[in-house]
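Asker: What follows is the residue order along each chain.
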Amino acid sequence: MKWKQLVRNKPFVIGASLIGLLLMLMVMSLFYTPYGPNEMNTAMRLAHPQPSHWWGTDNFGRDIFSRIVEGTQTAFLIGVSSVAIGLFFGLFIGAIAGYRGGWTDEVLMRLMDAKLAFPGILLAIMLVSVFGPGLGNTIVALGLMSIPAFARIARSGFIQYKEFNFVKAAVARGAGATRIIVHHILPNIASPIIVAASLRFSGSILAEAGLSYLGLGVQPPDPSWGRMLSEAQPFIVNAPWYVLITGSVITVMVLGFNLLGDGIRDVYDNKS
Amino acid sequence: MNRELLKVSGLTKHYPLPRQGLMEKKQVVRAVDGISFRIREGEIFGLVGESGCGKSTTGQMLVQLVKQTEGELYFQGEPVSGLSESRMKALRRDIQIVFQDPYSSLNPKKTIGWTLEEPLIIHRIGDKLQRRKIVSETLEQVGLDASYMDRYPHELSGGQKQRVGIAAALVLEPKFIVIDEAVSALDVSVQSQILNLLKELQEKRGLTYLFISHDLNVVEYISDRIGVMYLGKIVEIFEAGVADKGPLHPYTRALFSAVPDVHKRKEHAVLQGDVPNPIEPPGGCAFHPRCPAVMDICRSEVPQLRKVGSGHEVSCHIYAEGE
Amino acid sequence: MTNSLLEMRDLEVAFTLGKQDYPALQQMTFQIGEKETVGIVGESGCGKSLTSLSIMGLLPGTAKITKGEIRLDGKSLVTSSAQQWSGVRGKDITMIFQDPMTALNPLMPVGKQIAEMALLHLGVSRKEARQLALDMMAKVGLSRVDRLYGDYPHQLSGGMMQRIMIAMALICQPKLLIADEPTTALDVTIQAQILNLLRDMNHSTGTAMLFISHDLGVIREVCDRVIVMYAGYMVEEAPVEELLDHPRHPYTAGLLQSLPGADKRGRILYTIPGRVPPLTGRRTGCPFAGRCPSATAICAAEVPQMKKAGEQHLVRCHLVAG
Chain A
5 MKWKQLVRNK
15 PFVIGASLIG
25 LLLMLMVMSL
35 FYTPYGPNEM
45 NTAMRLAHPQ
55 PSHWWGTDNF
65 GRDIFSRIVE
75 GTQTAFLIGV
85 SSVAIGLFFG
95 LFIGAIAGYR
105 GGWTDEVLMR
115 LMDAKLAFPG
125 ILLAIMLVSV
135 FGPGLGNTIV
145 ALGLMSIPAF
155 ARIARSGFIQ
165 YKEFNFVKAA
175 VARGAGATRI
185 IVHHILPNIA
195 SPIIVAASLR
205 FSGSILAEAG
215 LSYLGLGVQP
225 PDPSWGRMLS
235 EAQPFIVNAP
245 WYVLITGSVI
255 TVMVLGFNLL
265 GDGIRDVYDN
275 KS
Chain B
33 MNRELLKVSG
43 LTKHYPLPRQ
53 GLMEKKQVVR
63 AVDGISFRIR
73 EGEIFGLVGE
83 SGCGKSTTGQ
93 MLVQLVKQTE
103 GELYFQGEPV
113 SGLSESRMKA
123 LRRDIQIVFQ
133 DPYSSLNPKK
143 TIGWTLEEPL
153 IIHRIGDKLQ
163 RRKIVSETLE
173 QVGLDASYMD
183 RYPHELSGGQ
193 KQRVGIAAAL
203 VLEPKFIVID
213 EAVSALDVSV
223 QSQILNLLKE
233 LQEKRGLTYL
243 FISHDLNVVE
253 YISDRIGVMY
263 LGKIVEIFEA
273 GVADKGPLHP
283 YTRALFSAVP
293 DVHKRKEHAV
303 LQGDVPNPIE
313 PPGGCAFHPR
323 CPAVMDICRS
333 EVPQLRKVGS
343 GHEVSCHIYA
353 EGE
Chain C
1401 MTNSLLEMRD
1411 LEVAFTLGKQ
1421 DYPALQQMTF
1431 QIGEKETVGI
1441 VGESGCGKSL
1451 TSLSIMGLLP
1461 GTAKITKGEI
1471 RLDGKSLVTS
1481 SAQQWSGVRG
1491 KDITMIFQDP
1501 MTALNPLMPV
1511 GKQIAEMALL
1521 HLGVSRKEAR
1531 QLALDMMAKV
1541 GLSRVDRLYG
1551 DYPHQLSGGM
1561 MQRIMIAMAL
1571 ICQPKLLIAD
1581 EPTTALDVTI
1591 QAQILNLLRD
1601 MNHSTGTAML
1611 FISHDLGVIR
1621 EVCDRVIVMY
1631 AGYMVEEAPV
1641 EELLDHPRHP
1651 YTAGLLQSLP
1661 GADKRGRILY
1671 TIPGRVPPLT
1681 GRRTGCPFAG
1691 RCPSATAICA
1701 AEVPQMKKAG
1711 EQHLVRCHLV
1721 AG
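Protein chains in written order, with our numbering: chain A, 5 to 276; chain B, 33 to 355; chain C, 1401 to 1722.
Rather than coming from a laboratory, the hints here were simulated on the basis of the structure.
Cβ atoms here follow ideal geometry from the backbone N, Cα and C, with glycine treated the same way.
Heads up, some of the hints might be wrong.
Some but not every residue of chain B turned toward chain A, in silico, with C-beta under 7 angstroms [what the hints assert, rightly or not]: (1) V95; (2) L97; (3) K121; (4) R124; (5) N139.
Let the sequences and hints guide you as you build the complete structure.
Answerer: Structure follows, in structure tokens:
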């Protein structure tokens, strides 16, 4: 890794700090939140930010800060799991398509195209309406959504690198397909994949927010930023901070991952 | 005379082209079109020709990176096609390749030590310690020292990379190495170092080379025999450096005459036109549209490679009469 | 000697890396006479391409002329504005490159690309430009030019593309043509055609030529006079036969000896030990001192000056008596 260059890259540093901060909040939320995330206080409904409730309370008198912090768990869980699903299947499909070529490639890639042609969020809505809303199904739906993107990157990397002489030389020395893929091709296409993963991460979190906003994502009582945003909407006049704070947190996380991805891309694409 | 190490018989490679339309006939590029030759143990066989003549495809078929469409390849008398996977793997120890471009022939993410050790791991040779020893010994043989093991390709100059490429081909102690334009990308002063190294290794280890190059000066210097290719066919095979056995084929003559000489300004017979499209090669002798000595028969009949003297074969109607 | 057309005097070009300047060309002093063909030969990184780029005013952003003068017909190019320079470039001085495929616009018919040059620099009408282009295409040995005019670069072979490049370069009847490795990417039989063409064009149009190559054989074929470069310096300059038959600089001699060929079969090739020092690692003294078999104490301490070693023969070496 080119840590020295990464550390000097501004987008990377800003992105990493934002994500780092959110990660710290998530770890903290596992042990401590100022209030219970579902603890209602009917005497304090829609309270504005104040020392006892830093970010105010919602329409049931729940502490917004506590709920947001608790929501980081859902956000990271969804991001990590859906990217992991997309990465695993995407790399697998892309690698086979790119390495084998011919009509294997043709069939797999037309499948991926069919999936890309579908607006991702529609697909997710469809899956969730068929299999029912909930955390698990949301993750599966978002994971499936991100497969084609990874498959495309992996495929083009494989097609490019399998023609390189060092790959041919390894074949001539008796290396099998697994060795070629794991040792010779994957390390060379790692950086575009890392970039894509960080961008997909924010995409998944955003999509989850969208689904939950529509009531199809994570179900109560699990806290979710998307659902909080949807719950905040009716009170946009009475309690604007509720919408603003929730929206900003989502923005910060998405921005963080995008900056992280941009930074890595800058450093790796400039020098080969 | 040494015994035969490798025999190529009617070797052919056709690449299909994507169909132009649904009803169109499928077209093929005849990259290599039925070539035959033998290479003796300890020999350096040079293969020359202009771009697109099929010399690199031939080299890749000999190391079985490319599967032939037709024809057979015999290594130490044994046919190579239809070998079981384990026999094939064993054969890969004996036959190696060194590529032209030193920049793309080493994995940029791996250290030199890793690259050199990999073939030994694949073929389960030695333990960790023994492998390190083999690697450092091989590095020394190509003029580098053990400190290079921990370096990455981008830290090396072109010549050093080419030395590593040669070392990687040597670690398995092969009998036969295809050297594909391995000195073409190098500057003159580095090229001479690598040529000396290749020659020295060949003599010390009794290696056999197929030396592919477009640089005729290099091929004439290093080869024992030279095969000349034109549009997928071998048009002549002759012994290098034997004055009275110089090339006979009009193409070979034009090719050698076109090479600029540092010692004198030459008036050369310039060959007109370009190499024809290998998808639709001319009928008869493929060289006839450019041949200064073309005859009627050349347009209709494909000449065969015929022996015209010891170690000398030509595929040209001009030399067919004496049979 | 004929009148000098291009004159380079004590030119120095440096690359700025970080905060430091690294000279990549030093003490470049030579002339090109009218109708003359001068060759520059050397290995990669010696500065031969940089020399041509500085004449064209096309130095990369990190490089700049730090000293010296380039004059065309007595007019200084170094002090002229970017606009003046671009008026010279393409009209008085033109250039052809190693790889014609990347030098031609892939989306424009080749004939039109030639005509554009005439349109841009000669102030002729579209129709006249087309006719000039067709004439030029025939002159560079292309056949069926009417049909070829509308073809796109990818439809042509490498040799034909290089002919198109030459037609583009010569249509405005420039005073100087810079050919940077024009045949390196071509096959030998095509190389022979292009070298013949360049020689013929030099004779028939009287355009002077600066011919850059790494191939001494090619240099012998086309050049009248040749300059050998090493690590940013000219190390030897002489008429081509004189230089190749009686080299005086140890580098030139070593280079010639290390060439492979049929005459050296069975012998070990001579090798110049070591390698060219990188731009950032050049020290004081003679640039070749580190690799020279006969270097002495003075070689490591002082850069030798170009001095006369015969009629029209200049050498930068302490060991050659002036």
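Asker: A separate judgement is required for each hint: does it hold in the structure or not?
Answerer: Hints versus structure:
At its closest, the beta carbon of V95 (chain B) sits 5 angstroms from a beta carbon of chain A; the interface hint therefore holds under the 7 angstroms criterion. The beta carbon of L97 (chain B) comes within 5 angstroms of a beta carbon in chain A, closer than 7 angstroms, and the hint placing it at the interface holds. Checking K121 (chain B) against chain A: minimum C-beta separation of about 5 angstroms stays under 7 angstroms; hint holds. Given hint, R124 (chain B) at the interface with chain A, holds; its Cβ is 4 angstroms from that chain's nearest Cβ, closer than 7 angstroms.
Because the closest C-beta pair between N139 (chain B) and chain A is about 5 angstroms apart, less than 7 angstroms, the hint holds.
Against the hints set out earlier in the document, no violation occurs for any number.
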